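A.B. asks: The primary structure of each chain is shown beneath.
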Amino acid sequence: MTETEQPPPLAAHAVGVPTRRLDGPAKVSGTAPYAWEHRLPEPVYVHAVQAGIARGRIVRVDTAAAEAVDGVLTVLSHRTAPRLADTSDHELAILQGPEVGFRGQIVGAVLAETPEAARYAASLVRFAYEEEPHHTELRDDSPDTYTPAKVNPSFPSDTEQGDPEAALKEAACTIDATYRTPMQFNNPMEPHTTVAIWEEGDPEDPSASPLLTLYDSTQGSHTVRTTLAPVLGLGAERVRVISPHVGGGFGSKGMPHAHDVLACLAAKVLRGRPAKLALTRQQLFSLAGHRTPTVQRVRLGAEPGGQLTAISHEVLEHTSRVKEFAEQSAVATRMMYASPNRRTSHRLAALDVPVPSWMRAPGETPGMYAAEVAMDELAEALGLDPIELRKRNDPTQEPETGKPWSSRHLVECLTTGARRFGWDQRTAPGARREGEWLVGLGVASSTYPGYAMPGSEVEIVHRGSSRYTVRIGAADLGTGTWTVLSQIAADGLGVAAEDVRMEIGDTAYPMATVAGGSSGVSSWGSSLLNAVRAFRDQYGDEPEAGARVRAGYPENPARERYAVHSFGAHFAEARVNAVTGEVRVPRMLGVFSAGRIINPLLARSQFIGGMTMGLSMALHEEGVFDHTTGHVVNQDLADYHVPVCADIGDIEAAWLDEEDFVSNPMGSRGIGEIGIVGSPSAVVNAVYNATGIRVRELPLTPDKLLGE
Amino acid sequence: MDAHVTLRVDGEERSLTVDTRTSLLDALRDRLGVTSPKKGCDHGQCGSCTVLLDGRRVVSCLALTVSHDGAEVTTAAGLPGPDGRLHPLQQAFWDHDAFQCGYCTPGQICSAAGMLEEADAGRPSHATADLDPAARTPLTDDEIRERMSGNICRCGAYVNIVAAIREVGDVSEVTER
Ligand code: FES
Ligand code: FES
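First to last, the protein sequences are chains A and B. Our numbering applies: residue 4 is where the first sequence begins, and numbers increase by one. Our numbering applies: residue 58 is where the second sequence begins, and numbers increase by one.
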């Protein structure tokens, strides 16, 4: 392996500049088109009908009343819907048979000339069911739990080093606590939307197959295409997915869900008229994925000086009987702190629930919540400052693999943050009271892997006079892709960012991997710079107008030799009302080590947005499941609480000045998820410091503080 | 049942025939092709659909079109001046990066425009200590946060939203003096 195989580091000019969003003027005017908003002639409105039972089969369908509604074109059910070519994915294989796998599953749809007619008629479709007993509740003693073959995306379910049981027995100080997190829902502000147009091939030419165009709210146009094409029995080249602007996703738009298939089935029936389908806010709670509830037992053993001798993290979660998703909650525990003895495990209960999926930092978010509260408990038990405890257990290499870190600056994040936040003002638990308010400070660590995915391609076209068009099917779901890729392209090509025209969000452009796992910019940017190299190799420094090149993801051999992770430290101030139990968080600070920051203005927003979602997880979010009927009862934004402006005080993000050229030639690592990881623990630890009450079950609502 | 209504949308007279069940939001988005106001919940719970209706902020998903025949509707697309220059609030949202995905943003901006008028008119909020309209409470961050709490931003841009509105609120106070 020679050093020249490593992509050369990018010299930064446009990179590092706090450029405002290129899509800013369109976004503040509301004219940037989201999936629903592309102007199309003669649209037909599709409204999904959902199963009213949690498990069983449909024995009768009555669509007469719905069909009689003025403006209704047709009603789809498993009896009338077109057949799918591949039904192996049971989340996607809707309307193919009478079985019901969870309450809220799509069992029908109304297609009508107006949204009002479609929605009203959908309420008139009647199903009779043969109901079977259902199980939806995840319990500590849930029967029939199993060990998944792997956890998301491809980690082993269980790991063990040394002898954790023996080490726990011998440890001078131990913590053994169980932490619980509830079902949570991504709830991007733009409900999941698909508009589908199915044009039959040329009747003159029997070999021409149909052409399907989707306007979709997705984190990966190409992912939607490659997933849906075989389900629909189409060649991938016959499917085009367009998605220039996406109204948030946080993982829930990382893959197509059942509604995508429904829009395609409707479009097939409509033969050329656009089928418009937007899920309602309520429907998102059963059809757009969610974060599993978790029960996590964390045991820590330590020497009197704080050195960890044993770490055990055992996770119990649910999945859906319809399709497995195994959240990797204990995976961060495998690399976070040094300890000679360690165990992690994941068990699943397969229930009659909607299909869980990605929600911002799946795995790290719930797992680090439990682990970082446990570390706070250990610090308390040892009489050590929680920052000092983390310093004493900072590993010099990745614990399970022994690989060197590409960059690990957790301790620097902690100490920088402590200085900026005024950590020395922290008192003993329950010792600081201002009138009715108990005040405390909390800290927690954060981490997220520095992923990059192979597979993306970029096309560069020279338009003349050193102006370029750069094309890749990448997504911008608020992540800043439009802007950040133009900065990277500008520096690669040695031109100003204004001279680069980005074209993204369309399968008409080269393949882009999904905007997930905070891997987008690392993956796409690496490919982009590889394309620049190919362009220069082919055309030199003075290319003709029209010169074009296409190239893919470069080899990056160093990545194999190093452990690539980002780190961070979260600080929170909590004020707890001693009379009402109300919790306010006036201040949060996150200090991150995430490689080179490509756009400081947009990066700060990503970090702060993640921390806001972490605060939300700590204090607000809880899907309340009714196990009698088998559905989430608080399925809207009035009852499923997310923070509003008045809930958010002063949240600040800072970062260390660094570059990580092992990660990629930009020197960056992903930043979309690290902001949420650990931030709920900082809040919970601050509430403990304020009150002396340790809450282990989220969300931290006032009742949990008043009961004590 | 259908009804005929006329609206002035972003300065332009628009006539349309709608199902009497049609919300103002759907009339704008699906009948008139004015997609600046967004649908986040359709239940008055998120604020994405906020427009200025005869100068006051409303959630257009809870307004029935037929109840507003003859009304003047301003969306975020209608806020820039005739020369295309962004409204000061739009400029401040852009400068402060007060959004990420942008889906809540047109609603946030219409809401902020309506809110600044309300505050100027001396209308109190839950955060107002002195309820006397003559007291002219300053537009503190707490006032902004309270008054903007009908608009959810799931991307979590609140910190920057407050900064953007604070900047515009400060300027409008200065120009008044
Ligand atoms: S769409 Fe009107 S308030 Fe949410
Ligand atoms: S910017 Fe995405 S919801 Fe506010």
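Errors might be hidden in some of the hints.
To be verified - Footprint (simulated), chain B over chain A, 3 or more residues, beta carbon under 8 Å:
(1) 411–421
(2) 434–444
(3) 605–616
As the list claims (entries may be wrong) - Label pairs and their computed distance ranges (CB to CB):
(4) A:43 with B:72: 18 to 28 Å
(5) B:72 with A:83: 34 to 44 Å
(6) B:177 with A:23: 23 to 33 Å
(7) B:126 with A:469: 49 to 59 Å
These are calculated hints, taken from the structure and not from any lab test. Predicted model, so just to flag it, every value in this text is computed and none were measured. Quick reminder that beta carbons are idealized off the backbone N, C-alpha and C, glycines included.
A.B. asks: Which numbered hints are broken by the structure, listed smallest first?
C.D. replies: Those not satisfied are hints 1, 2.
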